Structure formats: structure tokens, C-alpha cells
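Taking the hints into account, I'd like the entire structure generated from these sequences.
Chains as they are written, first to last, in the numbering used here: chain X, -6 to 125; chain G, 3 to 502.
Derived by calculation from the structure, the hints in this document are not laboratory data.
Fair warning: this is a prediction, and the values are worked out from it, not measured in the lab.
The calculated lysine-lysine pairs, modelled on DSS-like cross-linking and capped at a C-alpha distance of 30 Å, are:
no., chain 1, residue 1, chain 2, residue 2
1, X, 36, G, 40
2, G, 40, G, 81
3, X, 83, G, 26
4, X, 113, G, 18
5, G, 421, G, 497
6, X, 102, G, 40
7, G, 421, G, 491
8, X, 121, G, 26
9, G, 474, G, 491
10, X, 121, G, 81
11, G, 187, G, 373
12, X, 121, G, 20
13, G, 13, X, 117
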Amino acid sequence: MKVNPKQYAQALYEMTQTASGSDLDAVIQNFVKYLGMRGGISKASQIILEFEKYYNSQEGIMSVEVSSAREFSSDERKYIILSFEKITGKKIELHQSIDKEILGGAIFKVHDTIIDASLKNQLKHLHKQLTQ
Amino acid sequence: MNKDKIIENLKEQITKYKTQTTIKDVGSVIEVGDGIAKISGLSHAMASEMLDFGGGVFGVVLNLEEDFVGAIILGDFSKVSEGTIVKKTGRILEIPVGQNCIGRVVNSLGEPLDGKGKIKPDASYPLEKIAPRVITREPVTKPVQTGIIAIDAMIPIGRGQRELIIGDRQTGKTAIAIDTIVNQKGQDMICIYVAIGQKESKIARIIGELEARGAMDYTIIVLAGASDPAPMLYLSPFAGCAIGEYFMDKGKDVLVVYDDLSKHAVSYREVSLLLRRPPGREAYPGDVFYLHSRLLERAACLNKENGGGTLTALPIIETQAGDISAYIPTNVISITDGQIFLETDLFYQGVRPAINTGLSVSRVGSAAQIKAMKQVAGKLKLDMAQFRELAAFAQFGSDLDESTQKQINRGKMLTEILKQNQFKVMKVEEEVVVLYAAINGFIDDIVVEKVKLFQEALISYMQAQGKKVMEKIIQEKQITKDIEEELKKAIQEFKKGFSK
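Below, the structure is given as C-alpha cells:
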């Protein structure tokens, strides 16, 4: 039977659920050995990606990528995380990246959805409205 | 307007402006190559939705799968790489159409290719559209005059019909289509020639010929050349049809030539196999029949309540070594309302257009023929059928009885009459007069070599001396007793001056 990365990731998650400490190391070692046997090493990067997704969905974690023009203060960070948690009811993992191009505001990326609240985008809209 | 007013206005505009955040669905490319891309994410994508790859490159969703979507890339796919962010547009693939398209050469996306500048569109039409429903249609009653005597008499085409032109390579398939377009001058018809996977040199020649004959004034060429990627070839007939539908909805008559659907099927097979859809017979995907049936079903003759426009389709199929029982030819034959069958043997015997009158049929066109043509075509069909039966005996020559010999001789004459060079299109009244003379024995005493000469001389005589009769035929649309008398007299008069 052909096993796809998603199934590998699920299996890994189930195995690591009960294990901890040195057991965890052994489980992961065995998993890698098994992968080698099945010729699945080449899919490693996909498996890692799927594992992250599966882990997050099982544990109720949502990863939010945000890019802004400058670093957030810790208060701002807290506020963003809190408001996302309020809406989604999930634990929020915030990854920030800096992009000077967007001038101000922020762009949030959750799964496949981009919420564009950047100053650049606002200016673009204003430009459109004024030139109409 | 003074300064303050302007500033006031600007302030008002800015205060009215509400800050808004835009929410977009995106995905990222995980695999790309050969004009197709596999994209992860895009969980809300629709089938045949347009995707924005950035940098002016667009794509179309074809496969919706569990973890990814399969899309074709339109245009330069070298700009797309792994990890490229892809945005949904929320629109089904559509192209700009309008009055300004006429006389232009465009690609499958409606972009101009002839270097004559931008085309200002009047509307956008979707490439894929459900064909007009039965309630909006009416039977085909108006003819498309192809200007080719063999077709107009024996395999008539009506406005709203789908007539297949089928034959091997180099048998004059395109020539028939081009002649038909040339003959539409002044007949209130908009022609669309869709070139699918054709050599660009051939297209350049065709455009030149059409321009020289003033046919580009009512013609649009949709070009997806042999060097264009398969997705563009696959979309081109739908683009041609969408442009045609715009004019049909305006109540106009439209003629669309798809040259040719064999190459279209091949390009669709390429796209399908790259998208890993399972192959079927001859490695074509299972939906190749639906591909052509949904395209040709969009040919229609709308009723008065729906504008009364028509869209006539002339698909072309290239066979391999005369094999009309291959997969694609049988499919398209069964979809269309008849076929014009061209043969290599006839072509080399000098019968051009090389139409096999025995195998060619038109299933609805005879209802669209004008009565005068019907009156002469009936006898012609009968004579030709009898000739085909007896043709095998022709080599026995003088051993045959008189009536058989007469029949064979008549057949030979008629075959000669039906020969026609390219771009020598004829008006319908000219066709009627020539056929009337042929089936009523006026040419039986002329030597075969001179039949063509007789025909040409007769036409020019009728245009000069017999103008009245010709006009009467157009007016009455039938050969009444009076007209017949006059016609007979005129032809007899002409024969006196013609040296056999």
C-alpha cells in the first residue's frame, strides 16, 4: 500500500502522544528507520509540513503569520493574539516578519486566507476611489 | 471652479473614505512544468476559475483534489516557480469581446496579435457557457451560401447548422472554409476563423488572402499557433465561440470555422495527461466527447424572442490515411449535422474541391435552400448517384447500351461542372443557371474539355444579356414557368454563339 505524507504524519502524531523523554527519542528513531525501509526519506520535508498542520489541528493551535513594517511591542503582540483567540477560540502561534514595503499596518496570513490591513493597500484603495 | 471648492471636495472624499481591509484566498505552487501547475491551499477555488500568478500571468483551475488544485497556466510559465503565491480572482475565465474585434487577429485570451494596438472591449463573455436551451431555438431556415457550387447544391448548409469538413491532409479542407468566408461579403455575416495549432506561415497567408479580397472587414481570426502551449490551443475554440456568441446575442449571423478539432483534441489530451487524468481510448481522456459536444452545441439558430441571431459552426477534422472510423472523427461526425467528406484520390484526379458526393451529407441544410436551388439540385443528386453506380462500367466504353452511355456522359459533364478553383466563388443565381443548363441537357453535346469554358462564358453572357432573368431568379427565389421559358431561350441563344 502506498502511504502518503499525511498518513505518515498522522501515525507519527499518534505514536508521540503517549511517549515522552527517552521514549520519544526512540519512537522518532524507529520512525526514521521505518521511513528508510519504505523509501519515504525523500518525502521528509512534506511529512514535517503535514505533521505541523496535523499537530496544530489536533491541539487546537492556529498559526498566524503576520508581516508588518516594524517590530511589534509586547503589548501590541498580546493584543493581536488576544483578539485572534477571541474570534477563533484557538491557541494562537504568532510568527512575525518585517516587510518595509507595506509602509504601515499589518498583513495577516491564516491558512489560505490573507487579511490585508496594510497602509499600502489602504492607499491603493484611496487612489482608486479618488481617480474614479 | 475655485481652489477652496476643490479642497472642500477632496476633504469630503477623504472623510467619506472608509478604511477597509481586503481578505484574499491564496495558495502556493508546489509543482510546475509544461504549462500546468499544482497548487496547495486555495481551499475555496471553483472549477475553471481564473487564478492570478502575479506578473500578468493567469491560470485556470481544472482539477480540484483533496489537498491541492491542478491548474493550467496561460502565457509564460517560465515566470512561475515553486513557492509562487497564487491568488483567487473569484471570476470564471472570460475574455473581452466587442465590435472592435472585427478585422483583428487575437489569441485565446482576446489579446491582439496583429500589432494594431489595443482593442476596446464592449463586454466580457465567459469561455465556457451552457449552450442555448431548446426553448430559445428554432429550426434552421436561412441558407449559408458557400459560393461552392457542389456544396450549395448537394450539401447545403443552413444558418445555425454544424457541418463537419473532414479529410486527409492536403485535400483542401481549409480552402473550402476560406472560400466560404470570402463568399460572405455583403451577406450580413460575421466570420470567425479559429486556427488551432496551425503553422503561423499558413495563417499569415490566409490573412493576406482575406485582406486582398476585402474579407477582413467582417472577419475575426483567433490564433493559437503550433508554437503556443497546449492550454492556449485547448482554449482557442471556446474563445472563438465566445466572440461569436456576443454577435449572436446582438441578433447577428455568425460563422465560426474551427480549424482543426483533431489538433484541439490532441492538445486537450496533453493537458489531461499532464494533470494525471486517467487516459482512455487512444490515450484521450474520457471527457473528450463532451469537450467537442459542448463546444458544437453552442451553434444555434435563435428564435425571434431571443434576438434571432445564429451561430453556424464549420469544424474541420483531419483524418489519417482516410480513416474516418478513428476515435475523434467518429465522435465529431456523430455530433455534427452532416459532413463534407474530402478524398485524396479525387484531389489527385483533378476533382477540386475533392468532395465525395456519395459520402457527404447535410442533415438539416436542405430546409434552408432557396426553392430555385432545390428545383435544380434534386435532378443533380439523382444524376450523380446514377453516375456513381455506373462509373465502374465506364471503362467498357462502346460495349454499353445507349442509355447507360448517356448516363455516364452526363455524370462526367456534371463532375466537370462541380469542379471549382479556389477563390472562384459563385453567386447563388449563377449556380442555379449553370446547374439548370447542365441537368437539362444543354451541355451534353459539348466535349468534356470545354465544359468549364462553356460554364464561364455562360455566366458572363447571362450577366450581360440575361440580366433580367438573373434578377428575377433572385426576386422570386424559384424558377417559375415564365422564368424557365426565358432561361431556356437565353441559354439557346448563347449556345448559338458558342463554338463546340
